[in-house]
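Put chains V and P on the given structure of chain D with help from the hints.
Chain by chain, the residues:
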Amino acid sequence: MLIVKDLSIERLDKKIFANINLSLSSGNITILKGKNGSGKTTLLKAILNLLEPSFGSIYWKGKLLEKNLYDFYNHVTYIADTTSSLRKLTIKDNVNIWKKFFISKISDTQIETALKTLKLDNYLNKKVGTLSFGETKKLEFLRLIIENKKVWILDEPLSNLDEDSIELMKQTFEHHCSKEGSIIFSSHQNPGIYVTEEIQL
Amino acid sequence: MKFLINPSKFNEVADYIFKPVLILSIVFFAIGLLFSFYLSPDDYQQGSTVRIMYVHVPSAWLGLLTYAIMTLYSILALAFRIPFGFIFNTAVTPIGAVFTLICIISGSLWGRPMWGTWWVWDARLTSVAILFIIYLIIIFMNLSFENRIVREKVVAIFILVGSVNLPIVKFSVDWWNTLHQPATISKLSKPNIDPSMMTPLIIMTFAFILIGIAIAILRIKTEIISRKSYLS
Amino acid sequence: MNFLNKIIFFYYREYKLNMSGVQDILTNIIFFFISIFIFIFSIGPDKETISIIGVGILWTLLLLSSTLSLRKFYQDDFENGNLLIIHLNGFSFGFIAILKTFSHFVFVQVPFLLSIPIACILLNIANDNLFYLFASFGIGSLILSCLGSISSSMNLMNQRNFLLGSVIVMIFSVPIIIFSVSIINMEESFNSLINILFGILLIVFAINPWASGLCLKLSLENN
Chain D
1 MLIVKDLSIE RLDKKIFANI NLSLSSGNIT ILKGKNGSGK TTLLKAILNL
51 LEPSFGSIYW KGKLLEKNLY DFYNHVTYIA DTTSSLRKLT IKDNVNIWKK
101 FFISKISDTQ IETALKTLKL DNYLNKKVGT LSFGETKKLE FLRLIIENKK
151 VWILDEPLSN LDEDSIELMK QTFEHHCSKE GSIIFSSHQN PGIYVTEEIQ
201 L
Chain V
1 MKFLINPSKF NEVADYIFKP VLILSIVFFA IGLLFSFYLS PDDYQQGSTV
51 RIMYVHVPSA WLGLLTYAIM TLYSILALAF RIPFGFIFNT AVTPIGAVFT
101 LICIISGSLW GRPMWGTWWV WDARLTSVAI LFIIYLIIIF MNLSFENRIV
151 REKVVAIFIL VGSVNLPIVK FSVDWWNTLH QPATISKLSK PNIDPSMMTP
201 LIIMTFAFIL IGIAIAILRI KTEIISRKSY LS
Chain P
1 MNFLNKIIFF YYREYKLNMS GVQDILTNII FFFISIFIFI FSIGPDKETI
51 SIIGVGILWT LLLLSSTLSL RKFYQDDFEN GNLLIIHLNG FSFGFIAILK
101 TFSHFVFVQV PFLLSIPIAC ILLNIANDNL FYLFASFGIG SLILSCLGSI
151 SSSMNLMNQR NFLLGSVIVM IFSVPIIIFS VSIINMEESF NSLINILFGI
201 LLIVFAINPW ASGLCLKLSL ENN
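Residue numbers (the working numbering), protein chains in the order written: chain D, 1 to 201; chain V, 1 to 232; chain P, 1 to 223.
Chain D extracted, bound-state conformation (with noise of 0.2 Å):
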């Protein structure tokens, strides 16, 4: 579906990383590894179309990225590594928020299971500024349960997590694997989570 040609970016004609080559079908998981600043946000983002990359092209469902943009914003659930939960508004609010502006079809029974899970279901009323750091980190991939879309493409989403959460996150991917899904993820290692590509940037 997704697929990265020959891809190079340059900021202030300095050469962040150059000829990157990435596809990605239903059922894959794509790892991005690299240091600190090596670049892996970036390439986040020129997938995004955020970014324009200096050479090579990425296509979306056989057509150019640009082209074709609207339809695959339709199907990509983006998380970056900033919380982007609404600190004034309580999770109850939020959730409720999200669901709304997506048009999300999920019921409140599969959202209260995945409350559930995350261990957030006794937090509800409590504001999101209060709640700990890996809370928040853990409320924001409640997002890509509400958005219910095929490609999900996280930055870090394995940091400032615990083992617990991780293992969860695995299920997760596994399950949204089996389910003609496929992810995009960045990480600096990879805690034994099954992937298809890895990427070395």
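Everything labelled a hint here was simulated from the structure, so no lab data went into it. Cβ atoms here follow ideal geometry from the backbone N, Cα and C, with glycine treated the same way. Among these hints, one or two may not hold up.
[What the hints assert, rightly or not] Label pairs and their computed distance ranges (CB to CB): (1) V/Phe171 x P/Thr60: 19 to 29 Å; (2) P/Ile118 x D/Gln110: 24 to 34 Å; (3) D/Thr130 x P/Ile7: 30 to 40 Å; (4) D/Lys35 x P/Phe3: 36 to 46 Å; (5) P/Ser51 x V/Asp122: 23 to 33 Å; (6) V/Pro83 x D/Glu174: 42 to 52 Å; (7) P/Phe3 x D/Glu174: 48 to 58 Å; (8) V/Asn142 x D/Ile106: 47 to 57 Å; (9) V/Asn142 x P/Ser51: 43 to 53 Å.
Just chains V and P, lined up with the frame of chain D:
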């Protein structure tokens, strides 16, 4: 004409023309000042103060012209992706600001004996003051962004948005009843000015243009060098 | 239909956000009234003088207090990444700018609009003029919202000097002030002046999505 959009070509041409332009501008200034102080007649109404015109009018023209060229280069830089436009904008903004400041100061020196005040709030004066503040904002924007790519593009967008002020400055004397006199020299009609005053005005205008070009060449060259050293 | 729903729920989100911080909006209005008090005490509580310069004071203070909240315009959504999420949900940057402009108008400028009658009582402005004041401020505040959108999107990446944003809004709002204040003083030429204001609104409204959209994209690119 490629040297107008290509930094390395610009450097080559600039090396050739910098000295002639500088010398010519000094010569023009000498002749022009001689004309405007000694060889031109007094105005029958304004007396000797009319000589302020020989500084006031060229600097006003140049302040406007600089902004117009900056607008042009912003369009080139944003729409046709010519990075020389950004270099030009950063380099030339202070020159335009100084010309506008000279225009404002000489204008109020002229206004004191003629209108009896340093400053009146009419459309022409206000719009020129706004032009000056826009120049200042551009300079401050250039100083306060950390990321260069964002900075130069945002400044170019701001220049484009601010260019709505240009026609207001130009036509304010025609659209509103202002204390400031309307344009005496325009392309479409015969100039309303005596040839004996016209000659020094034209010579001074050329002198201003040439000194502007000379300073601009220097500033653009430094800007190009500083960008190269930033990369290495 | 889907797209329309998304727009509606964008405003639902804005509503929730603004209502959780309703004290910010109210603080703006308190700032507005306190500056009126200070203005009146600094020129002396003479009824005649105040009613002459009242409209000018009103406009100046409205402008100043509405530029106070400019920082909230895009900054929060930009920093927590919501701007990107909204974009990925199918809104182009220009369209986000239009939506946000209206949201700023509704949640920041309309409260000012509602507090104008009280300010008119304080400043001794005749009741007959209230209609002209509402008309000019209704259009003028929409122009201010557009200008605010442009300037605050320009200053997203500018962490050092945020006052620049307010300065940009104020320099471009000079013509609005000129025309909208003269509406009160020249009642017979009301139509022509309001047409000029409307023309300015259309120009700014046309520039806004282009300029803000480009700046938003730039800032997200280089964040």
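(message) Hint compliance check: list the failing hint numbers for this structure, sorted ascending.
(response) 2 and 7
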